[in-house]
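**Q** Residues per chain are reported as follows:
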Amino acid sequence: MTGVAEDDADLRAAGGAPPDRYARVASALVRRGLLAELDAGTVVRAVLDVALEETPAALAVFHPGRDRPAEGFGRPVRSELAVPVAFDGDEVFGALALGHPAPEAFGEADRLVAEELARHAAEALHRCRLVADADAAARRERGHAAAMRSLAEAAVRLNAPLPIEAMLRDVTGTARRIVGARCAVTTVAGEAAVLSPASFVSCADGPACPVVHDAGPAVPGVADAVRSADRLAAPLRSPQGREVGLLQLFAAEGTPFTETDEAIVVQLAQLAASAIEKERLLEAQVRLARTLQRSLLPERLPDVPGVEMAARYAPGAAEADVGGDWYDALTLPDGDLFLVIGDVVGKGVEAAAAMGQLRHCLRTYAFEGLEPAAALQRLNVLVNTLGGSEFATVLAARLTPATGLLRFASAGHPPPLLLPPSGIPEYLEGARSVPIGTLPHPEWEEGRRTLAPGSALVLYTDGLVESRTLRLDEGLARLAEAAAEGGDPSAVADRLLATAGLEDQSDDSAVLAVRLTACAEQFRLRLPADYSSVSVVRRHLRAFLGACGLDDQATDEVTLACSEAAANAVEHPVAPRHHSIEVEASVEEGTVRVVVRDFGRWRTPPSASDRGRGLALMGMLMDVEVQSLPSGTEVVLRRTGRDPAGAGGGPGGGPGGRS
Amino acid sequence: MEDFTVKAEALGPHAIVTVAGEIDASTAPMLRAEFLALVDSGVDRLVVDLRGVTFIESVGLGTLVAARKRLRRFDRSLCLVLDDSQRSLYRTFEITGLTKVFPIHPTVEAAVEDCLDESAA
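Taken in order, these protein sequences are the chains called A and B. Under the working numbering, the residues of the first sequence are numbered 4 to 662, in order. Under the working numbering, the residues of the second sequence are numbered 234 to 354, in order.
For reference, chain A alone in the conformation it holds in the complex:
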């Protein structure tokens, strides 16, 4: 660097830098590709190189961010020249500082060259900034659009009915992907069995995310989102202000969270909280409806001699589809059985509640003695009078077990299915009016059919025969086919539900199967040795004999004889081994055989007391044989197909005959 001082003097004398020095600066910068350079760091390095080449400077430093150098050169200098690097005077990039160990090293021309250099640097840096800003804006724009699209898609997904767990998993993964976090963790608090305390984790590193353990408590009471460079937390808070849980994100290396990330995560958390709250309410409602539905169905079916019964109810497969299907069976004071199956149109709690009302009304009418058609008529009047919006199909039937007489009426309900003991299933058409709540005064008629012993009757709701994928006629054919396989009512009911393929069935289904006991089965009763047992014997025996096809008179007479024998068995034994009586009965080819057994020895030979009269009465009605056994006393009663009481009192000899 010799001869510089002389040059200085020349330049100082010229009052400016010679144009060739400016040109050398410009060409040196061009050589270093400054005009095309878009990286600020490269620009600065090039400018410093050129400064050292084209000025006497021994040291060149760029101080970014300020128009004056902040500190020295790191070693002592005696000459210093600093010029601001600023574009258009107001866009300051920094200061270019030149230093030299010797004093007075820089002249005025050097200052001008340095300023020229700084001007070029400022232009280049300005260009770099413009390009960088444009890039950043474009990147932001693209990133924002993608984030918004992801948010919108998440909103659509969350709006559909989804199990809460699936929602939480979705939200967790979506949040992580949108903001490019390493891990996302959603923790939820347990809420009345709907949500169990749980964490949902999504990690770029895979499932073994190390930060999960640091996720903290489920609901920390975070009022608002919290953001630091590496952690972002937003509460899942429902629109009603209930805190459901917390969404936390952990940043990936080198990409700290931004304000935009926070805004997006907060929105996603709100979306998730609303969706979860909505789903939670829906689930609670479904559960309520199901509970209500179950509580309104009979707890157990009545125990009626000569009849076997089974009922099933299956809620719809879809979560929200709890309907108003119901069945009912009750014993009337005269021993008849009143059977009901119905379907209130509608879903959820309201349908279940309406079903409960209709069911209880029908029970009341049945107890009042109304026949099925009259009961339905009354129900229809009630629904229409109350102006309720109920609309229901109902089938009501009254079955006399002893005779098999079935009376039924239908309010728009699918026909009951009759299964004869042998033969083809048959739908009992007819006696069908419009559904309850349709017309103020429709015509009601009664259907009648006598069921042979061993016959079964199947009442069902349309869920068993109709669905989105099954036409009604196909469904009816399939039901009949499945029912024809026979079995006891429980087996039939189970099979019908299974055949209906309820897994893809949105509607609920109910089925009530009733079978008249077939005669082939033997009748056997064991009861406490108590007078009140005698009427129980009569009731069961009457049903059994009726089912076995005995006519009314024969049934009456055998029942009377057995009642006498049972009363004897209660009264006579002295110190019986145990206090019970047994009755066995069978009917074979019209011959009735009944054994009444007690477990003690009889007091005295029955004489002309009331009981003696009883024995005599038995003898008039049936062949009687009294056997004294070590175990106790057996009375065997027999009656052939002929009437042993003689023809004297035919049905014609009624009480009216006396004049």
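Think of the hints as simulated: they come from the structure by calculation, not from any bench. Hints may contain errors.
Pair ranges (Cβ atoms, derived) [as the list claims (entries may be wrong)]: (1) B:Arg-306 - A:Asp-554: 40 to 48 Å; (2) B:Arg-306 - A:Asp-626: 44 to 52 Å; (3) B:Asp-236 - A:Glu-446: 33 to 41 Å; (4) A:Val-577 - B:Phe-307: 36 to 44 Å; (5) A:Thr-453 - B:Asp-236: 46 to 54 Å; (6) B:Asp-277 - A:Gly-622: 33 to 41 Å; (7) A:Gly-372 - B:Thr-340: 20 to 28 Å.
All residues carry an ideal CB built from backbone N, CA and C; glycine is no exception.
Chain A is already provided as a structure; the job is to place chain B on it using the hints.
**A** Quick look at chain B alone, frame taken from chain A:
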């Protein structure tokens, strides 16, 4: 099963006893007590309305027979009312020969009238 009930209504010299349900060893004592009370109170004629009765067995028949005997001892009478539809019950009376013992009428009015005639005779 219907509940067993006995209801007595005294109308001057005669009384009407209305029975419903099944008359057997467990219910007959109630009927017997009612008859005893009425006979002791001095009624002349007893009309027993059995139209609500669905079943009767020997103890029940015995109760009716005992009441009749007691009344006959004082020259009083006992009539029964049975409906046309109660063939089974009538048959029980018939088999045991009691249709020859008890006057049986289809209505309470007819029974009251007949009882009056009978005791007047």
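**Q** With reference to the structure, classify each hint as holding or not holding.
**A** Okay, the hints, checked on the actual structure:
{"no.": "1", "hint": "B:Arg-306 - A:Asp-554: 40 to 48 Å", "verdict": "holds (41 Å)"}
{"no.": "2", "hint": "B:Arg-306 - A:Asp-626: 44 to 52 Å", "verdict": "violated (37 Å)"}
{"no.": "3", "hint": "B:Asp-236 - A:Glu-446: 33 to 41 Å", "verdict": "holds (37 Å)"}
{"no.": "4", "hint": "A:Val-577 - B:Phe-307: 36 to 44 Å", "verdict": "holds (38 Å)"}
{"no.": "5", "hint": "A:Thr-453 - B:Asp-236: 46 to 54 Å", "verdict": "violated (30 Å)"}
{"no.": "6", "hint": "B:Asp-277 - A:Gly-622: 33 to 41 Å", "verdict": "holds (36 Å)"}
{"no.": "7", "hint": "A:Gly-372 - B:Thr-340: 20 to 28 Å", "verdict": "holds (23 Å)"}
Taken one by one, the earlier hints fail for this structure at numbers 2, 5, listed in ascending order.
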